[in-house]
Structures are given as C-alpha cells and as structure tokens.
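Dock chain B against the given chain A, drawing on the hints supplied.
The listed protein sequences correspond, in order, to chains A and B.
Residue 160 in the working numbering is what sits at position 160 of the first sequence, and the numbering runs on without skipping anything.
Residue 17 in the working numbering is what sits at position 17 of the second sequence, and the numbering runs on without skipping anything.
The set of hints was computed from the structure by calculation and includes no laboratory data.
It should be emphasised that the depicted structure is a prediction, and the values quoted were computed from it without experimental measurement.
Mixed in with the good hints, there may be bad ones.
[What the hints assert, rightly or not] Here are some, though not all, of the chain A residues that point toward chain B, as calculated from beta-carbon distances under 7 angstroms:
1. 61
2. 105
3. 109
4. 128
5. 165
6. 169
7. 177
8. 229
Ideal Cβ positions, reconstructed from N, Cα and C, are used throughout, including at glycine.
Spelled out from the first residue to the last, the chains are:
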Amino acid sequence: MNTEHNTSGQQLLRGMRDGLPIALGYFAVAFTLGIAARNAGLGPLHGLVSSLLVNASAGQYAGYAMIAADATLWEMAAMILVANARYFLMSCALSQKFSPETPFYHRLLVGFDVTDELFGLAIAQEGWLPPVYMYGAMMLAMPGWASGTALGIAAGSVLPARLVSALSVAIYGMFIAVIIPPARKDRIVGVFVALSFLFSWLFSVLPLVRDISEGLRTILLTILLASAAAVLFPVKDEGADA
Amino acid sequence: MRHSIWTYILVMALVSYAIRVTPLTLIRRQITNRFLRSFLYYVPYVTLAVMTFPAIVTAARSPWAGGAALLVGVALAWCGQSLFTVASACCLTVFALELVL
Chain A
1 MNTEHNTSGQ
11 QLLRGMRDGL
21 PIALGYFAVA
31 FTLGIAARNA
41 GLGPLHGLVS
51 SLLVNASAGQ
61 YAGYAMIAAD
71 ATLWEMAAMI
81 LVANARYFLM
91 SCALSQKFSP
101 ETPFYHRLLV
111 GFDVTDELFG
121 LAIAQEGWLP
131 PVYMYGAMML
141 AMPGWASGTA
151 LGIAAGSVLP
161 ARLVSALSVA
171 IYGMFIAVII
181 PPARKDRIVG
191 VFVALSFLFS
201 WLFSVLPLVR
211 DISEGLRTIL
221 LTILLASAAA
231 VLFPVKDEGA
241 DA
Chain B
1 MRHSIWTYIL
11 VMALVSYAIR
21 VTPLTLIRRQ
31 ITNRFLRSFL
41 YYVPYVTLAV
51 MTFPAIVTAA
61 RSPWAGGAAL
71 LVGVALAWCG
81 QSLFTVASAC
91 CLTVFALELV
101 L
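Pulled out of the complex, with its shape left as it was, chain A reads as follows:
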C-alpha cells in the first residue's frame, strides 16, 4: 500500500492504474447492460448519456425495465431510489475519508461516481482520500462504462461469450483485493468478512429470504452485520484514519 505523500500527478496516474481493471470489467458488464437497454428501446446515444450520468449497473437495469414498462416518473424515481440505496451507506462511510482541508467541491465531484468498485478503491486508501486519485480512476472507469453500454446497444452480441464470462469476475477480484488484506491484519474484520460471505450465501438459497432482491439484501446484511460488529467490537482509536 502506498502511504507516502505524492504529487497530484502521481496520484492521478495511480488512480488511472487502479482504474484500468475497473474500466475493463465495466466495459464487459456495460456491454451486456447495453443489450438490455436495446430491448427497452434505447438507442446508442441514450445508452451513452444514461451511463455517463447514472453510473449504476443494477440501477440502470431497473431503470431500463421501467422505461420498457412505460412507468410513471414517480415509479421510476422510487425504483432508482431502492436499487441505488446502498450508495447512500457507502457515501456515509466515504464522508469520513475526506480531510477537513479538502475543498467542498471535491465532495460534489467524487460523489458523482460512487459505485461499488470506485468505493472499493476509495476505502483501500490509507488515511485521507486524495480526490485526484479518484479522478484518475473515474477518467478510465466512466468512458469504459459509457462506451460499453453504447456499443452493447449498437452491436448486440459481438464480444465472444467466453470473454464476457472471464471479464465479468474482474469486479469481484477487485473487491477481494480490497477486503482480504485488512481481514488478514484485523481479525475482527476477517471474521465479519467470513460471516458476510456466509449470510449472503444463506440469503441467496434459503426460502423466503432468497426472494429479496440483491440490492436490498446488500443493504439489510450490511446494516445487520456492521451494527453487530460495532456493538460487539467498537473501534478504539480516536485517530482520523479508518
């Protein structure tokens, strides 16, 4: 982990380096998203703009489905709220990663692209979050996501299924790279990562709870398990660094 103080240029490059695998994974996922968007009646430009502005896989899937269903705008807003509610929790956690000296507008810009993957990058940073690092990652991730969607709509199924299959695990590989080193260092984190795996799996197979959507499952289990951890093992240090 890089702990030394770097110049903005180095932070930007570091962000781009870490953003590259995200961009590749995004491209593959967005390509399949584009196929769904095409079925909902969207053109490539619709796909490009919606991906640039929304930046949410499950949220966009749900949104395109609402467009196809000719939903009301309120129904659309409610659906996006539910599908993207986990970003609210992530942004709460992220709010603590900004140094008090960081100008306010950085929060507005970084907040534009709080996704599962970029959030993963942000919390993997030791100490305060350098906004420029996030911009480096966003510079690659956002075009990857948007161009993938547009190409998916335009070209349908050109990318070989085998390649899409391989690229689709890139995002999870990234998550693993973010959560495992802290799990090794802090035994409590390790235990709760294992419990998260266990409960997430149980919620996907057990009757009744398996009908809960993935977005809602993520929110419920996060609140449940993180609260349990906070009650049983409150963090001790008063330092700013999480």
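Only chain B this time, still in chain A's reference frame:
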C-alpha cells in the same frame, strides 16, 4: 410512450446523484459517536463481502470456474498482491478453466 426516454434518463440521473451526494455534503465533520464510527468502519468490508459471494460463483458461465476464481483471488490478496494482479488473475482463471471445462 408516456414520456420521452430523455425525461426518464434525467429522473434516473437526478435521483442517483441525490442518493450519493447527500451524505457527502451533510456529513462534513468527523463523527465522534463511537457506535457510528465503528459502524462506518465495518460497513465497507461487510458490503463488499456481501456483494462478492456468492455473486462471483454465478457471474462466470461455469460455477466451478467462478469458485476457482474466488480461491485464487483470496490467496493472492492474502499474499498482498495488487488490485490489478488479483483482478487479472481471477479473469485468467475463469478464461483458462472454461476452455477445459
């Protein structure tokens, strides 16, 4: 069609941005409450872990390849390999195994 596609996209964008930026703009100071601090400390690890498994197993076409990618990823991350290495190794594992499975 009840509304233009562009109107729908505008609503999607506004709601998504509001969800993300509200906590970032409202929570400006360091939280001192011990429970909240602890809760937010654990949130990222729990969230990312919940999203990773079992999703990684079902993401690939072959669940065996997805499962193998999980093991390879955890092993490499445990040894302190970089984000890029871990993510690439997961992809290569799936690609290689799906050639033979």
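Here is how each hint holds up against the structure:
no., hint, result
1, 61, "violated (11 angstroms)"
2, 105, "violated (10 angstroms)"
3, 109, "violated (10 angstroms)"
4, 128, "violated (11 angstroms)"
5, 165, "holds (4 angstroms)"
6, 169, "holds (5 angstroms)"
7, 177, "holds (4 angstroms)"
8, 229, "holds (4 angstroms)"
Checked against the numbered hints given earlier, the structure breaks hints 1, 2, 3, 4 and satisfies all the rest.
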